[in-house]
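Engineer: Residue strings, one per chain:
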Amino acid sequence: MTIQLTTGAPGARILGFGSYRPRRRVTNDELAQRMDTNDEWVQSRVGIAERRWAEPDETLVEMSVAAGGKALAASGLDAGEIDLVLLATTSPPKAIPGLAPRIAHQIGVPRPGAFDVNAGCAGWCYALSAAADAIRSGSARNVLVIGGERLTDYTNLDDRATAVIFADGAGAAVVGPADEPAIGPVVWGSDGDLHDAIAIPENETGMSMAGQAVYRWATTKLTETLVEAMRRAGVGPDDIDVFAPHQANLRIIELMAKRLKLPERTVIARDIVRSGNTSSASVPLALAALLESGEAKSGDVALLLGYGAGLTFAGQVVVLP
Amino acid sequence: MPSTADIQAGLAEILEEVAGVTPADATPEKSFTDDLDVDSLSMVEIATAVEDKFGVAIPDDELGNIKTVGDAISYIEKNQG
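Chains as they are written, first to last, in the working numbering: chain B, 1 to 321; chain C, 1 to 81.
Everything labelled a hint here was simulated from the structure, so no lab data went into it. Just so it is clear, CB atoms sit at the ideal spot from N, CA and C, and this is done for glycine as well. Some clues are possibly wrong.
In silico DMTMM-like pairs for lysine to aspartate or glutamate, Cα to Cα no more than 20 Å straight-line [as the list claims (entries may be wrong)]:
(1) B:LYS261 with C:ASP52
(2) B:LYS221 with C:ASP61
(3) B:LYS297 with B:GLU180
(4) B:LYS221 with C:ASP52
(5) B:LYS221 with C:GLU51
(6) B:LYS261 with C:GLU45
(7) B:LYS258 with C:GLU16
(8) B:LYS261 with C:GLU17
(9) C:LYS30 with C:GLU77
(10) B:LYS258 with C:GLU17
(11) C:LYS67 with C:GLU29
(12) B:LYS258 with C:GLU13
(13) B:LYS261 with B:ASP241
(14) B:LYS258 with B:GLU224
(15) B:LYS261 with B:ASP238
(16) B:LYS221 with C:GLU45
(17) B:LYS258 with C:GLU45
(18) B:LYS261 with B:GLU228
(19) B:LYS258 with C:ASP52
(20) B:LYS221 with C:ASP60
Facing chain B, a subset of chain C residues (Cβ under 10 Å, in silico) [stated by the list, open to error]:
(21) ASP39
(22) SER40
(23) LEU41
(24) SER42
(25) ALA47
(26) THR48
(27) ASP60
All chains should be built: construct the whole structure from the sequences, respecting the hints.
Structural biologist: Quick look at the structure:
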């Protein structure tokens, strides 16, 4: 007997973005009062001028609901048209239950498929790919893809190596069907031999990061991921209007842009300067900010890359809504 | 095999490209951190550039032992093909 399959849309596209930034801004000067660091050091090493730290009422669920709700409104769809809700996060307060069902419920999406994705800082790009594939296969008509983090829950806020970097926030997009594909093939993978390069060590509660190892990996191995993502989508560096990699370190971002030989006119996402590293929220937060400010516009071709704990990576080319 | 002078010159080129160090300043006794203002992330970029240029591997744990330009020159000489 043959199992019958569904068929979906020829392609998928992003319909709208939404974001939530915690109220509290934390400057480098404020951090310098609690630890041995200073504004010049932080800006020159990681490029962060300020970041947002969530307050107790700004829970992972609340931030994700806010970002997801805005993305839904921007998409113009009704909640009932969403069949799948994905939450990319590395910082849930508890292992059980996953948060996507509750977030979907609070947004008002009736009984969707819903699950959490933990692929480190690459999580949102992994989930975006899963969403596009679900739409193309007919598993879902429209998908809400949220990246939400409260990394400060897993950061020792007195550790100058990590407290200056990690931050909180949520970004989201609604993905729907398209006759003309506007989400390119993903190039994803993992380097599990580097599993302890970004991790919460045994008997500790805060993250640690092997800065030099991650920097080396990101600035050498990931250029080929980006080149391959462009090749598979059938575009070249000159076609890239917006480059929005994970906002881990401004120096990594600039070095990647240089190695890719992106043209002068390409808008490079530098949301890290005011948002810090928000892990799986960073790519949608950066894209939402560029669209809000008008630096990026509808129809722009954007090259995305997520990478982080695992180590994991995922890159793809998309057309912005 | 390149001579010590060739290695020093090649290293000076890399230092200029990565960290804006004036080539004349890249002398063996200079400390990367204290004298040339090269930070830990720039050291990674220097290491990968040295790997490409001289065909030696510099893993992160070895990188921590390279403190001066002279240390880097001896490491390259010792580990080259």
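Engineer: All hints are to be evaluated individually against the structure, with a verdict given for each.
Structural biologist: Hints, verified against the model:
1. B:LYS261 with C:ASP52: Holds, at roughly 19 Å.
2. B:LYS221 with C:ASP61: With Cα atoms ~19 Å apart, LYS221 of chain B and ASP61 of chain C stay inside 20 Å; holds.
3. B:LYS297 with B:GLU180: holds, 18 Å
4. B:LYS221 with C:ASP52: holds, 14 Å
5. B:LYS221 with C:GLU51: holds, 14 Å
6. B:LYS261 with C:GLU45: holds, 18 Å
7. B:LYS258 with C:GLU16: holds, 17 Å
8. B:LYS261 with C:GLU17: holds, 16 Å
9. C:LYS30 with C:GLU77: holds, 18 Å
10. B:LYS258 with C:GLU17: holds, 13 Å
11. C:LYS67 with C:GLU29: Since the Cα atoms of LYS67 of chain C and GLU29 of chain C sit roughly 10 Å apart, the hinted pair holds (cutoff 20 Å).
12. B:LYS258 with C:GLU13: holds, 18 Å
13. B:LYS261 with B:ASP241: Distance ~13 Å between LYS261 of chain B and ASP241 of chain B Cα, so the pair holds.
14. B:LYS258 with B:GLU224: Roughly 13 Å separates the two Cα atoms, so the pair holds.
15. B:LYS261 with B:ASP238: holds, 9 Å
16. B:LYS221 with C:GLU45: Satisfied, since the Cα-Cα distance of roughly 13 Å is no more than 20 Å.
17. B:LYS258 with C:GLU45: holds, 13 Å
18. B:LYS261 with B:GLU228: holds, 14 Å
19. B:LYS258 with C:ASP52: Holds, because 17 Å separates the two Cα atoms, which is no more than 20 Å.
20. B:LYS221 with C:ASP60: holds, 15 Å
21. ASP39: At about 6 Å, which falls below the 10 Å cut-off, the nearest Cβ of chain B leaves the hint on ASP39 of chain C intact, so it holds.
22. SER40: Cβ of SER40 of chain C sits 6 Å from chain B, so the hint holds.
23. LEU41: This interface hint holds because 5 Å falls under the 10 Å limit.
24. SER42: For SER42 of chain C, the interface hint holds, since the closest Cβ of chain B sits about 9 Å away, which is under 10 Å.
25. ALA47: Constraint on ALA47 of chain C satisfied, holds at 7 Å.
26. THR48: At 6 Å from the nearest chain B Cβ, THR48 of chain C passes the 10 Å test, so the hint holds.
27. ASP60: At 5 Å from the nearest chain B Cβ, ASP60 of chain C passes the 10 Å test, so the hint holds.
When held up to the earlier numbered hints, the structure conflicts with none and fits them all.
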